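Numbers 1 to 203, taken from the numbering used here, label the letters of the sequence shown in order.
Just so you know, these hints were derived from the structure itself, not from any lab.
Here the structure is a predicted model, which means the values were calculated and not measured.
Mixed in with the good hints, there may be bad ones.
As the list claims (entries may be wrong) - Simulated pairs of lysine to aspartate or glutamate, DMTMM-like, Cα-Cα distance not exceeding 20 Å:
| no. | residue 1 | residue 2 |
| --- | --- | --- |
| 1 | LYS105 | GLU142 |
| 2 | LYS113 | ASP56 |
| 3 | LYS105 | ASP83 |
| 4 | LYS191 | ASP112 |
| 5 | LYS101 | ASP83 |
| 6 | LYS105 | ASP56 |
| 7 | LYS101 | ASP112 |
| 8 | LYS105 | ASP89 |
| 9 | LYS159 | GLU43 |
| 10 | LYS113 | ASP89 |
| 11 | LYS101 | ASP89 |
| 12 | LYS116 | ASP145 |
| 13 | LYS66 | ASP83 |
| 14 | LYS101 | ASP56 |
| 15 | LYS116 | ASP167 |
| 16 | LYS191 | ASP56 |
| 17 | LYS66 | ASP56 |
| 18 | LYS191 | ASP167 |
| 19 | LYS113 | ASP73 |
| 20 | LYS191 | ASP83 |
| 21 | LYS113 | ASP83 |
| 22 | LYS116 | GLU52 |
| 23 | LYS66 | ASP109 |
| 24 | LYS191 | ASP145 |
| 25 | LYS66 | ASP89 |
| 26 | LYS66 | ASP145 |
| 27 | LYS159 | GLU41 |
| 28 | LYS191 | ASP73 |
| 29 | LYS101 | ASP73 |
| 30 | LYS191 | GLU142 |
| 31 | LYS191 | GLU52 |
| 32 | LYS66 | GLU142 |
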Amino acid sequence: MKRPQHLQAGATLIEILITLIILMFGLLGLVGVSSRSHMAELESLQRTRALELVQDMASRINANRKAAACYSDGAVGLQLGTDASTVPDCPADVVATNPQKTQAKNDLDAWDKLLKGADMRNDTQNVGALINAVGCVMQTAEDADTVYLIAVAWQGLVKTAAPTLSDGSAFPCGSATTFGANTQHRVVTTKVHIGNLSGGVAP
1 MKRPQHLQAG ATLIEILITL IILMFGLLGL VGVSSRSHMA ELESLQRTRA LELVQDMASR
61 INANRKAAAC YSDGAVGLQL GTDASTVPDC PADVVATNPQ KTQAKNDLDA WDKLLKGADM
121 RNDTQNVGAL INAVGCVMQT AEDADTVYLI AVAWQGLVKT AAPTLSDGSA FPCGSATTFG
181 ANTQHRVVTT KVHIGNLSGG VAP
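Required output: the full structure, derived from the provided sequences and hints.
See below:
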């Protein structure tokens with residue numbers, strides 16, 4: 001005995017509805033995967049840019065080693081980029097020539113602009129910056145050398161473990177107020193070693 005046609009039509013509509021629901025969930029899954037992939041790509045691009053900025057400052061210090069202390073404002077430490085308005089003059093007690101000190105200030109001013117994205121512009125706006133980029137140069141000592149720790153910090157897109165120092169304290173370059181939360185605080189670093197050699201000011 002044949003089934004009534006209206007029952008067959010009803011079954012077909014249910015099958016179509018189930019197929020549409022499955023397709024909808026599949027599309028939602030693809031959107032989620034695409035979104036996560038895009039976020040990961042942006043995170044990677046930001047980290048690459050931060051590494052470029054760290055190496056840029058390391059090269060500047062290495063090229064002007066006699067005035068290295070100017071780059072960290074002596075033992076005070078220096079922070080540029082987001083929320084920084086001025087670049088300080090080189091401390092008077094730094095043993096270097098005036099041209100070397102001037103070069104250091106020019107380097108810091110250029111680095112501050114790079115941190116703020118000034119190397120890429122759209123009309124009148126800087127568009128090349130990391131999110132809330134902060135650059136720091138801190139003076140420490142290891143053995144007989146003076147060491148300059150260069151750091152670039154920025155705000156990540158997703159939350160991860162917050163960066164810390166070896167004693168477990170929060171990494172000092174930037175803050176939770178700058179990045180929204182410490183778990184969005186990203187940072188890359190490098191060091192420049194300056195040997196403490198005797199002698200006068202280089203010409």
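Next on the checklist: Tell me the numbers of any earlier hints that the structure contravenes, in ascending order.
Outcome noted: 1, 5, 12, 13, 15 and 20
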